[in-house]
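Given chain A's structure and the hints, the job is docking chain B onto it.
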Amino acid sequence: MAVEINPFWIDGPVPPSCFIGRRREVRKTFSQLTGPGQGSVAISGSRCTGKTSLLHYIAAPETAAEWDLTGDNALISLLDCQLVDHPFNVTAFWQQVLTLFQPHLQDSMGEKLQTLCQQEQIGNADFEVILDALHQGGRRLILLLDNFEQLVRTQVANETATRDFLSQLRALINRRPRTLSLVVATGEPLEELCQTIDFGGASPFPNSFMSVRLKEFSDQEVNELIEHTLSGTGVAFDEHDRSHVSRLSRGHPLLVQLAGHLLFEARAAGPLTTESYQAMEARFREEAKIRGLSF
Amino acid sequence: MTPANRLGNPFICGGPVPPSHFIGREREVQIVFDQITSHALGSVAICGDRRIGKTSLLQYVSHPEILQEWDLSQDKYLFLFLDSQSISEFTPSRFWQRLLTLLLREKKGNLPPEMIESILAREEIGHADFEIVLDEIGRRDQVLILLLDEFEWVIRTDEDNEPMTRDFLSALRALMNRTPKALALVIATCRDLHELCRPIKFIGSPFHNEFTFRRLRPFTRTEIDQLLDNALDGTGIEFTPEERDYICSLAGPHPLLVQLAGSTLLEFRMQGLETAPNAELIRTEFEELVRYHLSQIWENCSREEQMLLTVLALKRWAEDKESQRTHDGPAFERIFNRYERTLRDLLLRGLISQMKKTIAVCPATFESWVLREIRSANEEEFAKRETLMFDLLPSDEAEQVTAVMRRISDREDVRLGRTDWKRIGRYQIIEELSRGSMGIIYKARDPNIARVVTLKIMRLDWETRSKKSKKRFRHEAMSAGQLAHPNIVAVYDADEYRGEPFFVMEYLEGPTLAKVLEALAPLPLERAVDIALQIGDALDYAHQRGVIHRDVNPSNIILLENGQVKVTDFGLAKLASASSSDASQSGVFHGTLDYASPEQILGLEIDGRSDIFSLGVILYEMLTGQTPFPGKHITSVIQCLLSEDPLPLTALRPHLPPELKDILCKALAKDADQRYQTCAELGRDLRKMMVNAR
Numbered sequence: 001m002a003v004e005i006n007p008f009w010i011d012g013p014v015p016p017s018c019f020i021g022r023r024r025e026v027r028k029t030f031s032q033l034t035g036p037g038q039g040s041v042a043i044s045g046s047r048c049t050g051k052t053s054l055l056h057y058i059a060a061p062e063t064a065a066e067w068d069l070t071g072d073n074a075l076i077s078l079l080d081c082q083l084v085d086h087p088f089n090v091t092a093f094w095q096q097v098l099t100l101f102q103p104h105l106q107d108s109m110g111e112k113l114q115t116l117c118q119q120e121q122i123g124n125a126d127f128e129v130i131l132d133a134l135h136q137g138g139r140r141l142i143l144l145l146d147n148f149e150q151l152v153r154t155q156v157a158n159e160t161a162t163r164d165f166l167s168q169l170r171a172l173i174n175r176r177p178r179t180l181s182l183v184v185a186t187g188e189p190l191e192e193l194c195q196t197i198d199f200g201g202a203s204p205f206p207n208s209f210m211s212v213r214l215k216e217f218s219d220q221e222v223n224e225l226i227e228h229t230l231s232g233t234g235v236a237f238d239e240h241d242r243s244h245v246s247r248l249s250r251g252h253p254l255l256v257q258l259a260g261h262l263l264f265e266a267r268a269a270g271p272l273t274t275e276s277y278q279a280m281e282a283r284f285r286e287e288a289k290i291r292g293l294s295f
Numbered sequence: 001m002t003p004a005n006r007l008g009n010p011f012i013c014g015g016p017v018p019p020s021h022f023i024g025r026e027r028e029v030q031i032v033f034d035q036i037t038s039h040a041l042g043s044v045a046i047c048g049d050r051r052i053g054k055t056s057l058l059q060y061v062s063h064p065e066i067l068q069e070w071d072l073s074q075d076k077y078l079f080l081f082l083d084s085q086s087i088s089e090f091t092p093s094r095f096w097q098r099l100l101t102l103l104l105r106e107k108k109g110n111l112p113p114e115m116i117e118s119i120l121a122r123e124e125i126g127h128a129d130f131e132i133v134l135d136e137i138g139r140r141d142q143v144l145i146l147l148l149d150e151f152e153w154v155i156r157t158d159e160d161n162e163p164m165t166r167d168f169l170s171a172l173r174a175l176m177n178r179t180p181k182a183l184a185l186v187i188a189t190c191r192d193l194h195e196l197c198r199p200i201k202f203i204g205s206p207f208h209n210e211f212t213f214r215r216l217r218p219f220t221r222t223e224i225d226q227l228l229d230n231a232l233d234g235t236g237i238e239f240t241p242e243e244r245d246y247i248c249s250l251a252g253p254h255p256l257l258v259q260l261a262g263s264t265l266l267e268f269r270m271q272g273l274e275t276a277p278n279a280e281l282i283r284t285e286f287e288e289l290v291r292y293h294l295s296q297i298w299e300n301c302s303r304e305e306q307m308l309l310t311v312l313a314l315k316r317w318a319e320d321k322e323s324q325r326t327h328d329g330p331a332f333e334r335i336f337n338r339y340e341r342t343l344r345d346l347l348l349r350g351l352i353s354q355m356k357k358t359i360a361v362c363p364a365t366f367e368s369w370v371l372r373e374i375r376s377a378n379e380e381e382f383a384k385r386e387t388l389m390f391d392l393l394p395s396d397e398a399e400q401v402t403a404v405m406r407r408i409s410d411r412e413d414v415r416l417g418r419t420d421w422k423r424i425g426r427y428q429i430i431e432e433l434s435r436g437s438m439g440i441i442y443k444a445r446d447p448n449i450a451r452v453v454t455l456k457i458m459r460l461d462w463e464t465r466s467k468k469s470k471k472r473f474r475h476e477a478m479s480a481g482q483l484a485h486p487n488i489v490a491v492y493d494a495d496e497y498r499g500e501p502f503f504v505m506e507y508l509e510g511p512t513l514a515k516v517l518e519a520l521a522p523l524p525l526e527r528a529v530d531i532a533l534q535i536g537d538a539l540d541y542a543h544q545r546g547v548i549h550r551d552v553n554p555s556n557i558i559l560l561e562n563g564q565v566k567v568t569d570f571g572l573a574k575l576a577s578a579s580s581s582d583a584s585q586s587g588v589f590h591g592t593l594d595y596a597s598p599e600q601i602l603g604l605e606i607d608g609r610s611d612i613f614s615l616g617v618i619l620y621e622m623l624t625g626q627t628p629f630p631g632k633h634i635t636s637v638i639q640c641l642l643s644e645d646p647l648p649l650t651a652l653r654p655h656l657p658p659e660l661k662d663i664l665c666k667a668l669a670k671d672a673d674q675r676y677q678t679c680a681e682l683g684r685d686l687r688k689m690m691v692n693a694r
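Protein sequence lines, in the order shown, are assigned to chains A and B. Residue numbering for the first sequence follows this note's numbering, beginning at 1 and increasing consecutively. Residue numbering for the second sequence follows this note's numbering, beginning at 1 and increasing consecutively.
Where hints are given, some of them may not hold.
[As the list claims (entries may be wrong)] Residues on chain B that point at chain A, a partial pick, calculated with CB under 10 Å:
hint, residue
1, P18
2, S84
3, R105
4, Q271
[To be verified] Over 12 Å on every C-beta distance to chain A, these chain B residues come out as not near it, computed from the model:
hint, residue
5, G24
6, R98
7, L102
8, D135
9, P206
10, E267
11, A279
12, A360
13, I449
14, V637
Keep in mind that the hints were calculated from the coordinates and are not lab data. Note that the structure is predicted; figures quoted are calculated from it, not measured. C-beta: ideal position from N, C-alpha, C; glycine also.
So here's chain A without its partners, still in its complex pose (with noise of 0.2 Å):
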């Protein structure tokens, strides 16, 4: 038998050509960014349940497309809150999500962008005038902020800070016109994460989004993942073999990549027995726990 490249995708967010699933989650999004209200949405699942590889998706010029979203209208980045800088501070995130857009913006908006990067501080008032310029170029800015928790601080040292930030992103994205969505993306739902930060009687920061859960997969969902990425390959898995990744995995979207990428390389190395089975399910066993998924 020749020798496959394994399909699977085991490591790092799965490329939006490769994205299965998720329809509704993904529909839930775009209708909240695209429809009548053009609000903002709190993506939220366990490790390793696909909210990166669902964020890409989203950010995918292809996709956003098909939801009528093109450079024309909008602008969409994502930023892995993990690269703020830190100690964290609100200009220096402005600053990173500024240079995020720069590229996208015509001559005169990039220098005006320029300048204020160049500003000691960076608040609301100067993000507005990016926000109105873009508005009246006929665009809005659609903000995909990955590992969201990393700018929560929660500690007593931190939570004013953090409260003010957020309350001010809150103000921004409700702001008419509507011109600034953001999606952000917490191992923990918001509102849990946002617990404990006294609002001081104002509107909470997770009130203006609406929440998706990322769950486990459903059947249907493990057969399409599996369908997708085993085509053009040569390989097929059999009803057996399905179960076998369904029964290992329960559904989590990494475990079934890694079951389906052990069951790919065992099957391309011969015929199965239920030796070889066992020893995938042992090795499965091994890779997941390296992971730190238990299960």
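Below, chain B without anything else, positioned relative to chain A:
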């Protein structure tokens, strides 16, 4: 993915509704425009629950198209929307700076930019600086309408910030009242402005005096239908009247919940799924979606409102699930009558509904949420909920309400004897040994040291759940744990499981004295005295260490095969009665009546002599086969115990040594001062009597 031309879900599930989708609120819009166009140039304070639509209303009334519809010239009326939360680290200077920046950027009323810029160049900006701008606005016959959302953000009433807030609000008020009038405010808050400003010590007129108040109410059915029609417009999907009713039953009249229910139902419809067969699935998804929003509504309720919502939910649950408990009804009715006004407020807020004379939490999802929160509450949260009831209700009503709370949660397991626990704490349950009024006794295993133990989990009244009682439990457990005597059952551990305290004790195989008496009473003199002496030794040891048993009775005495006697359950009676004074107040007695001392029955303070009385009763019973103060009813036992002498021993068992009569007379003296003062004294007399008898 399938090709483009996607149909999005048009319901708005977060953030304000754009003016194009704004529904209803005709009265509120009218009030805002009436006030700001009146000669007095009035200001309006809008308040309402979270997510009821305050921001949407402010953005609606300041939208250029709406102003045009109302014939309000934008050259005259300068509408400026400001979300107060956008001001970082609020100070008055930052507030004025923010306003001026907005005025400048939005070029409102063509005010001279250089004037605003020159003010903005100042390091600190005060209300006097803003007055210059207002002068200019007035001079141009214009009016500035400030729409201040999230206004609680600027009302800081803590000790450090109160003077700043007071000065700021007073200045704002003064600016509103200047002549010619050039400034009106429309502010939005979640809590009532009066209430928010209450802690502020205004020197002159309070800030809130300047406002016309309006509370945003939930939607009417017509508004809900309008909202649904508006959202579905252009989707090619329509909701049937049944589907609309279902949305109302899920969401009640709260606008955001209607949006979320509509969105959930539409999701199903978009997948080609019918509503009726999937109603339960829709409900489950909706409940998950609204959990956080319901918690927000709850947080925004006063303590009285939270109490009433809980009582209402519990009442309905009790009626639905256990119709036999109709005796709770009158207590609930009394509560509703007493809090009629609060109920009316809840009704106006759409948090309860009334059908004829039946009131219920609204929507049903909220009712389920209230019950679920009780069920899933941890001990601290549950105690908080109980405290709320006892703080606001007379104790008999609170007890009835909290009893229902316990019944719907796991905490009822012990009370109702529904226990199929495999494990309590770290202890593995082997088998249930017995159950009684105070709790259930298990044979269990401590896996840490592979030791078989006796585990006693207790049923306690509400008083014992307070912090004070938990402290007392620990104290009693600690006292009992320190008793190390051959005639006392050793206590190894004490803890709580699902809110119920439990003790872990030495496991012993042997019948209780109660069982032996049932089969063999009366006992031979030597055996009876030997048992009494061993009990006395145990009690004497405990009394010397300040521990009173309080419930010495044959069920608490274990007889081992080797003749050794073990006394168990030290201090548990005290725990069960919460405290001796509480017990007397509530008229509840937690010992075993036949063996209780007169002072215990009367609820007086007791000491070790009370245990001596109980020991006297046991000795009498061992010798005669009956208790000294028998009676068919509780009242006759109590009467006998308090006022009558026991039947003479000789009448029941003539051949007993005559000294026994005096010993028992002294042990059973009604006045504790006339009794043996220590068990050692009683033991000495018994031993002397036995020597003489031989």
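Practice task
Compare the structure with the hints numbered earlier in the document and write down the numbers of the violated ones, lowest to highest.
Solution key: Violated hints (numbers, rising): 6, 7 and 10; every other hint is consistent with the structure.
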